[in-house]
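First to last, the sequence lines map onto chains A and B.
Taking the numbering used here, the leading residue of the first sequence gets 1, the next gets one more, and so forth.
Taking the numbering used here, the leading residue of the second sequence gets 1, the next gets one more, and so forth.
No lab work stands behind these hints, which were simulated from the structure alone.
Please read all numbers here as calculations on a predicted model, not as lab measurements.
Positions of the beta carbon are idealized from the N, C-alpha and C atoms, including for glycine.
Fair warning: there could be bad hints in the mix.
As the list claims (entries may be wrong) - Where chain B lies over chain A, by a calculated footprint (3+ residues, C-beta under 8 angstroms):
#1 16-29
#2 45-58
#3 106-115
To be verified - One side only, chain A facing chain B, incomplete, derived with CB under 10 angstroms:
#4 6
#5 9
#6 12
#7 64
#8 90
#9 92
#10 94
#11 97
#12 102
#13 103
Said to hold, decoys possible - Rough simulated footprint, nothing fancy, chain A against chain B, three-plus residues with beta-carbon under 8 angstroms:
#14 76-84
#15 98-110
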Amino acid sequence: NAGVTQTPKFQVLKTGQSMTLQCAQDMNHEYMSWYRQDPGMGLRLIHYSVGAGITDQGEVPNGYNVSRSTTEDFPLRLLSAAPSQTSVYFCASKLTWGGGTNIQYFGAGTRLSVL
Amino acid sequence: TQLLEQSPQFLSIQEGENLTVYCNSSSVFSSLQWYRQEPGEGPVLLVTVVTGGEVKKLKRLTFQFGDARKDSSLHITAAQPGDTGLYLCAGPPGGGKLIFGQGTELSVKP
Numbered sequence: 001n002a003g004v005t006q007t008p009k010f011q012v013l014k015t016g017q018s019m020t021l022q023c024a025q026d027m028n029h030e031y032m033s034w035y036r037q038d039p040g041m042g043l044r045l046i047h048y049s050v051g052a053g054i055t056d057q058g059e060v061p062n063g064y065n066v067s068r069s070t071t072e073d074f075p076l077r078l079l080s081a082a083p084s085q086t087s088v089y090f091c092a093s094k095l096t097w098g099g100g101t102n103i104q105y106f107g108a109g110t111r112l113s114v115l
Numbered sequence: 001t002q003l004l005e006q007s008p009q010f011l012s013i014q015e016g017e018n019l020t021v022y023c024n025s026s027s028v029f030s031s032l033q034w035y036r037q038e039p040g041e042g043p044v045l046l047v048t049v050v051t052g053g054e055v056k057k058l059k060r061l062t063f064q065f066g067d068a069r070k071d072s073s074l075h076i077t078a079a080q081p082g083d084t085g086l087y088l089c090a091g092p093p094g095g096g097k098l099i100f101g102q103g104t105e106l107s108v109k110p
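The shape of chain A in the complex, shown without the other chains (with noise of 0.2 angstroms):
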C-alpha cells in the first residue's frame, strides 16, 4: 500500500541552487497538490492539479513551479533556493477536485533547509 510517496525525506540546499521535489501517488487521483508546513502556520496550499496537463496557484506560490505529465506524478521544482523556503514540504491526493469532504492523503512530507 504505498498511496502517496514523497522524496527525498530530507534535504540541504544552499540559496541559488535548484532542486526537485517528487511525489507520486498509486491511487489514480485526480488531485494533486503541495503544502508547506511552518511553525503556527499550518499547512499553506502552495500548487495544486486537478489532471494530467492542468495546474494552478494556491495561496504561496512564488517560487515554486509544478507541472503534471502524468496521472501519478506531481513534482514541485524550486529554481533559485532562498533561506525562506527552508520547511517541511507534504503532497497530497484525492480522488477527485469536487466536495470537500474527499479524503486527502498525505505523504510523509520532505523536510527542506536552505543554507
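With chain A held as given, fit chain B onto it using these hints.
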C-alpha cells in the same frame, strides 16, 4: 479570504483529563475536516462534518460542527499519551481546495 483560526495553539495536560480544541471562521464552510499529525508524518484524516449541528464520535473523540457552519470543535475525553500530536482543522473555501487552521499541538503526559 477565508481563514480558519484554531485555539489553543498549545495544550499540555495529564493523562485522564478532558480537553476541547476549537476551530473558528467568519465564513461559512460547506464542510470541515479534522486531521491528526504525528511527528515525522503527514496529516491523517480523522473525520469530516457536513451538516450544521452535526456531532460525530470516534471512540473518545467527539467532533461538532456549528449550527451556522462557521465553527467546529474537537473534544477528547480521558486523554491518553497516544493522543499526543498536532490536530488540524481544514475546510474547502471553494471548489476542491482545502485551507488549514494553524494547528493545536497536544501533549498528554502519563
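Double-check residue 64 of chain A for me: the hint is only fine if its C-beta lies closer than 10 angstroms to a C-beta in chain B. violated (16 angstroms)
Does the CB of residue 92 of chain A sit less than 10 angstroms away from some CB of chain B? holds (7 angstroms)
Is the interface hint satisfied for residue 97 of chain A? The criterion is a beta-carbon contact with chain B at less than 10 angstroms. With a closest approach of 4 angstroms, the residue 97 of chain A hint holds.
8 angstroms C-beta criterion, at least three residues: is the segment 76-84 of chain B covered by chain A: violated (count 0)
Regarding the hint that residue 6 of chain A lies at the interface with chain B, is the smallest CB-CB distance below 10 angstroms? At about 8 angstroms, which falls below the 10 angstroms cut-off, the nearest Cβ of chain B leaves the hint on residue 6 of chain A intact, so it holds.
Would you say the segment 45-58 of chain A counts as covered by chain B, given the rule of at least 3 residues with C-beta under 8 angstroms? holds (count 4)
Can you verify the interface hint for residue 90 of chain A: is its Cβ closer than 10 angstroms to any Cβ in chain B? holds (5 angstroms)
Residue count check for the segment 16-29 of chain A against chain B: does it reach three with CB-CB under 8 angstroms? Violated, because only 0 residues of the segment 16-29 of chain A bring their Cβ atoms closer than 8 angstroms to Cβ atoms of chain B.
With 10 angstroms as the cut and Cβ atoms as the points, is residue 102 of chain A at the interface with chain B? holds (7 angstroms)
Restraint check, 10 angstroms cut-off on beta carbons, for residue 94 of chain A near chain B: holds (7 angstroms)
Stated coverage of the segment 106-115 of chain A by chain B [criterion: 3+ residues, CB within 8 angstroms]: It holds: at least three residues are needed, and the segment 106-115 of chain A offers 4 whose Cβ sits within less than 8 angstroms of chain B.
Using Cβ atoms only, decide whether residue 9 of chain A comes closer than 10 angstroms to chain B, and label the hint accordingly. holds (9 angstroms)
Against the hints set out earlier in the document, violations occur for numbers 1, 6, 7, 14.
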